[in-house]
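When you get a sec, could you build the whole thing from the sequences and use the hints?
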Amino acid sequence: METSPFRRLGALVAAGLTALALAVATTSTPAGAVGNTTDVLWHNTTSGEVGTWLLDSKGNVLANPPLSWRCGPDCNRDWKLSGTGDFNGDGKTDLLWHNKTTGEVGTWLLDGNRNVTGNPALSWRCGPECNRDWKLSGTGDFNGDGKTDLLWHNTTTGEVGTWLLDGRFNVTGNPALSWRCGPECNRDWKLSGTGDFNGDGKTDLLWHNTTTGEVGTWLLDGRFNVTANPPLSWRCGPDCNRDWKLSGTGDFNADGKTDLLWHNTTTGEVGTWLLDGRFNVTANPPLSWRCGPDCNRDWKLAGTGRFG
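Under mature numbering (1 follows the signal peptide of the UniProt record, and there is no 0), read the sequence shown as residues -33 to -1, 1 to 275, first letter to last.
Please keep in mind that the hints were generated in silico from the structure rather than gathered at the bench.
Note that this is a predicted model, so its numbers are computed, not measured.
Every residue, glycine too, gets a C-beta built ideally from N, C-alpha and C.
Be careful, since some hints might not be right.
For lysine-lysine, the following BS3-like pairs were computed, each having C-alpha atoms within a straight-line distance of at most 25 Å [what the hints assert, rightly or not]:
#1 169 / 114
#2 224 / 169
#3 212 / 157
Listed next, with one range per pair, are the computed distances between beta-carbon atoms [said to hold, decoys possible]:
#4 96 / 234: 31 to 41 Å
#5 253 / 87: 32 to 42 Å
#6 122 / 179: 34 to 44 Å
Laid out in structure tokens, this is it:
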């Protein structure tokens, strides 16, 4: 990945977020406080609005509050909402943005109540060759220092690399993983997320074969070495593979295990695959809301985190 001196990131925000109504409820919405489960992040790529679905541990959507900022016209044209993580070490989920024209990478810092408190840029940007060949594919802690780092995938060569962050928006190194995705892998498999899939406390990678429906993992040792690549016990069948997109990871039933999030971009349904920490899918409950017609046309399921 090529880096170059960073130019200061311009303002991403346009004030005056309008009321956000994302969903059509498929079941009644229960009352109650949001628990320690993962929530869902949505981005309207037309209006620039960014909103959330706050979840409980039973898959119920309790509320859908928006963030205090939205992505203005210039932002909406050039920037992609590319992930979430804690980029300043305050324990709150923040947003990650990538400008695929300039290569700049920036953040929106959140206060835990969906207010954006700042938008610092990272010290590196993705240079011309990087911007052409590399995709910003996820976040996680890849060296075990407790800081959120970035994951990049070169969809031409199959290389997978990282940007290590220091918690103050500085990129301190860009080590590659010990494996790359070979020609057949690069043609058929998509790098779809990160999480801890074997319960060892290390960030692992999630892959989805959009042809066969297989879902697999790359297990990491915290030192950029891939130690194994076990598949999950389920695959996404023909109907699933045609209509459903693997859209994120998180803990959706509060058992401490990383689960998968799926979005049907035709029907608007949002569902989960619950995992047991040993690569077995134990159930696939849907969320209580689906994304209705207007939502399904304009909104993209952009990530997961804790937003309540």
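How the hints compare with the structure:
1. 169 / 114: Holds: residue 169 and residue 114 sit about 12 Å apart, inside 25 Å.
2. 224 / 169: holds, 12 Å
3. 212 / 157: Roughly 11 Å between the alpha carbons, so the hint for residue 212 and residue 157 holds.
4. 96 / 234: 31 to 41 Å: The hinted range 31 to 41 Å holds for residue 96 and residue 234, with Cβ atoms some 40 Å apart.
5. 253 / 87: 32 to 42 Å: Roughly 37 Å apart at Cβ, these two residues keep to the hinted range, so it holds.
6. 122 / 179: 34 to 44 Å: violated, 18 Å
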